[in-house]
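FYI, in the working numbering the residues of the sequence shown are 112 to 220.
Hints are computed from structural coordinates only; laboratory data are not their basis.
Errors might be hidden in some of the hints.
As the list claims (entries may be wrong) - Straight-line Cα separation of at most 30 angstroms, DSS-like style, residue types lysine-lysine; simulated pairs:
(1) Lys155 x Lys113
(2) Lys173 x Lys155
(3) Lys185 x Lys206
(4) Lys185 x Lys175
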Amino acid sequence: AKHELTTRKALRYPPYARLLRIVAQATDSDEARIALENVFKNMKALNTSAQLLGPTQAPLAKLKTRWRWHILCKSNSLRELHQLLATAQSIQCSKNVRVSFDIDPHDLL
C-alpha cells in the first residue's frame, strides 16, 4: 500500500491530484480516436493548468466489438476538472461513438 501511494504521488494520481478520464468507444477505432482528438483540441484551447494526456488507446483497447480510446486530465483543482468536463460534454460526436466521463476513476481499464 505504501508503494502504491508513493507511485500515485509521483504520477499525480488521486489522492494527490484530481483526475478526469474521458473514454470514447466505437466499432471503428478511427471514429473513437477522431472524436477524442476533437474533444482534446477544445479542452486544450481553455489553457488551464491541467495536464492533458492523450488521446491514446485505453489499456483494454477492444472490448467485444468496440474499440476504446481515452484522455486523462490531471489537476489539483476540482473546479478546473469540471470546466474541462463541461467543455468535453459540449462537443458533438458521431452518433456511432459513445463517450463516457469519470472523475477520480477507481481504475483506468
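Check your understanding: So which of the earlier hints does this model not fit?
Key -> 1
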